[in-house]
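Protein chains: 2
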Amino acid sequence: MTAYKKADFPVAKIRRFLEPGPIVLVSSAWRGRTNVMTMGWHTVMEFEPSMVGCCIFSDYTSGLIKRSKQCVINIPTVDMAGVVVGIGNSTGAEVDKFAKFELTAVRGAKVDAPLIGECYANFECRVIDASLVRKYHFFVLEVVKAHVAKAPKYPRTIHYRGDGVFMVSGRHVNLRRKFKPENL
Amino acid sequence: MTAYKKADFPVAKIRRFLEPGPIVLVSSAWRGRTNVMTMGWHTVMEFEPSMVGCCIFSDYTSGLIKRSKQCVINIPTVDMAGVVVGIGNSTGAEVDKFAKFELTAVRGAKVDAPLIGECYANFECRVIDASLVRKYHFFVLEVVKAHVAKAPKYPRTIHYRGDGVFMVSGRHVNLRRKFKPENL
Chain A
2 MTAYKKADFP VAKIRRFLEP GPIVLVSSAW RGRTNVMTMG WHTVMEFEPS MVGCCIFSDY
62 TSGLIKRSKQ CVINIPTVDM AGVVVGIGNS TGAEVDKFAK FELTAVRGAK VDAPLIGECY
122 ANFECRVIDA SLVRKYHFFV LEVVKAHVAK APKYPRTIHY RGDGVFMVSG RHVNLRRKFK
182 PENL
Chain B
2 MTAYKKADFP VAKIRRFLEP GPIVLVSSAW RGRTNVMTMG WHTVMEFEPS MVGCCIFSDY
62 TSGLIKRSKQ CVINIPTVDM AGVVVGIGNS TGAEVDKFAK FELTAVRGAK VDAPLIGECY
122 ANFECRVIDA SLVRKYHFFV LEVVKAHVAK APKYPRTIHY RGDGVFMVSG RHVNLRRKFK
182 PENL
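Protein sequence lines, in the order shown, are assigned to chains A and B.
If you read the first sequence in my numbering, its first letter stands for residue 2, the second for the next number, and so on.
If you read the second sequence in my numbering, its first letter stands for residue 2, the second for the next number, and so on.
Simulated from the structure, these hints should not be mistaken for laboratory data.
It cannot be assumed that every hint is accurate.
List time: in silico EDC-like cross-link candidates among lysine to aspartate or glutamate, alpha-carbon distance up to 20 Å [what the hints assert, rightly or not]:
id, chain 1, residue 1, chain 2, residue 2
1, A, LYS179, B, ASP164
2, B, LYS111, B, ASP60
3, A, LYS67, A, ASP113
4, B, LYS136, A, GLU49
5, A, LYS154, A, ASP60
6, B, LYS181, A, ASP9
7, B, LYS179, A, GLU103
8, B, LYS151, A, ASP164
9, B, LYS181, A, GLU95
10, A, LYS179, B, GLU103
11, B, LYS70, B, ASP164
12, A, LYS181, B, GLU143
13, B, LYS136, A, ASP60
14, B, LYS67, B, ASP130
15, B, LYS181, A, ASP113
16, B, LYS136, A, ASP97
17, A, LYS136, B, GLU103
18, B, LYS14, A, ASP130
19, A, LYS151, B, GLU95
20, A, LYS136, B, ASP113
21, B, LYS146, B, ASP80
22, A, LYS181, B, GLU47
23, B, LYS179, A, ASP113
24, A, LYS154, B, ASP80
25, A, LYS179, B, GLU49
26, B, LYS151, B, ASP97
27, A, LYS14, B, GLU95
28, B, LYS179, A, GLU47
29, A, LYS181, B, ASP97
30, B, LYS67, B, ASP113
31, B, LYS136, A, GLU47
32, B, LYS154, A, GLU143
33, A, LYS181, B, GLU95
34, A, LYS136, B, ASP164
35, A, LYS136, B, ASP60
36, B, LYS146, B, ASP97
37, B, LYS181, A, ASP164
Calculated from the model, a selection of chain A residues having no Cβ within reach of chain B, i.e. all distances over 12 Å [as the list claims (entries may be wrong)]:
id, residue
38, LYS70
39, VAL85
40, GLY89
Using N, Cα and C, we set each Cβ at its ideal position, and we do this for glycine too.
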């Protein structure tokens, strides 16, 4: 796995990495217990405050997040695909996934949940609306701090299609000249 | 633009196309007025019933959807990238986008909003929860009917990063053998 050197990144611009739809790893912590889960069901909701909505069905992670009202969204790259699957296969109620998958737990600046050092980006989040959690397992999060690798400019992410198949992010097309400036 | 031949597709399996995070086109209709908008802020929420959550900031589309309680999520492919940008640049309050962009309006089976014939897939949706619309512009939709191109198996979709840059979906990796069967 790659060890990325990271820098602070403006939270209002993280849509750049989340809107394309990568599988992410959600880390959480509560009273000394930590966990990591894979998540593909998330959406950007606002630039400023920086908001993300996501569905978390894992009872264990959901419990830690409900109690701590915090979590970290980590973006793994394609070199971590095997680890991503492994994390999805196991439950934090039984194993310490940081130890099992040799992940580096990095201390956050604003939340107690650990950042995953091997991921391309880490977004520290606080729960700001839990009104749809009971009905749909849907959390509304505010990203309060973002750490992003200094290079490459765009990560090679994996995007889940179900049935064990991942799409790997491909080439980029810049259509900036076709946009109305106010819509960029 | 490609004209796709489509077949009915199980609504419980549409995550295959939405979870990877493509830009989609949302078509809507109310009392003879129709519109199309681009949307990148969406998430799968459930398999069965098939649910999708999305943020719709466009006043015009939002009004049509609130009144009709329906819309269609259409998945464009990379050959439509210029059209996708053009749709984002204009407002349905002033122009008929189906006419302007030469899109084929196909009649749906369960909703009145038109399907876009040139898109790879069309998901007919009904609004099932509007409780977060006022606060976050967030609609919860149920996909009640899905139409998907018979080929190719996976579409070449575009994924927006902001600043006029799209990521084009890349190669596929099948890690099925690594998954616990119950997690596939």
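Here is how each hint holds up against the structure:
no., hint, verdict
1, A:LYS179 <-> B:ASP164, "holds (11 Å)"
2, B:LYS111 <-> B:ASP60, "violated (24 Å)"
3, A:LYS67 <-> A:ASP113, "holds (14 Å)"
4, B:LYS136 <-> A:GLU49, "holds (14 Å)"
5, A:LYS154 <-> A:ASP60, "violated (35 Å)"
6, B:LYS181 <-> A:ASP9, "violated (37 Å)"
7, B:LYS179 <-> A:GLU103, "holds (18 Å)"
8, B:LYS151 <-> A:ASP164, "holds (18 Å)"
9, B:LYS181 <-> A:GLU95, "holds (16 Å)"
10, A:LYS179 <-> B:GLU103, "holds (18 Å)"
11, B:LYS70 <-> B:ASP164, "violated (32 Å)"
12, A:LYS181 <-> B:GLU143, "violated (32 Å)"
13, B:LYS136 <-> A:ASP60, "violated (27 Å)"
14, B:LYS67 <-> B:ASP130, "holds (11 Å)"
15, B:LYS181 <-> A:ASP113, "violated (31 Å)"
16, B:LYS136 <-> A:ASP97, "violated (38 Å)"
17, A:LYS136 <-> B:GLU103, "violated (41 Å)"
18, B:LYS14 <-> A:ASP130, "violated (28 Å)"
19, A:LYS151 <-> B:GLU95, "violated (43 Å)"
20, A:LYS136 <-> B:ASP113, "violated (28 Å)"
21, B:LYS146 <-> B:ASP80, "violated (25 Å)"
22, A:LYS181 <-> B:GLU47, "violated (35 Å)"
23, B:LYS179 <-> A:ASP113, "violated (31 Å)"
24, A:LYS154 <-> B:ASP80, "violated (25 Å)"
25, A:LYS179 <-> B:GLU49, "violated (39 Å)"
26, B:LYS151 <-> B:ASP97, "violated (29 Å)"
27, A:LYS14 <-> B:GLU95, "violated (30 Å)"
28, B:LYS179 <-> A:GLU47, "violated (36 Å)"
29, A:LYS181 <-> B:ASP97, "holds (18 Å)"
30, B:LYS67 <-> B:ASP113, "holds (14 Å)"
31, B:LYS136 <-> A:GLU47, "holds (11 Å)"
32, B:LYS154 <-> A:GLU143, "violated (36 Å)"
33, A:LYS181 <-> B:GLU95, "holds (16 Å)"
34, A:LYS136 <-> B:ASP164, "violated (35 Å)"
35, A:LYS136 <-> B:ASP60, "violated (27 Å)"
36, B:LYS146 <-> B:ASP97, "violated (25 Å)"
37, B:LYS181 <-> A:ASP164, "holds (11 Å)"
38, LYS70, "holds (18 Å)"
39, VAL85, "violated (9 Å)"
40, GLY89, "violated (6 Å)"
In the structure shown, a violation is registered for the earlier hints numbered 2, 5, 6, 11, 12, 13, 15, 16, 17, 18, 19, 20, 21, 22, 23, 24, 25, 26, 27, 28, 32, 34, 35, 36, 39, 40, in ascending order.
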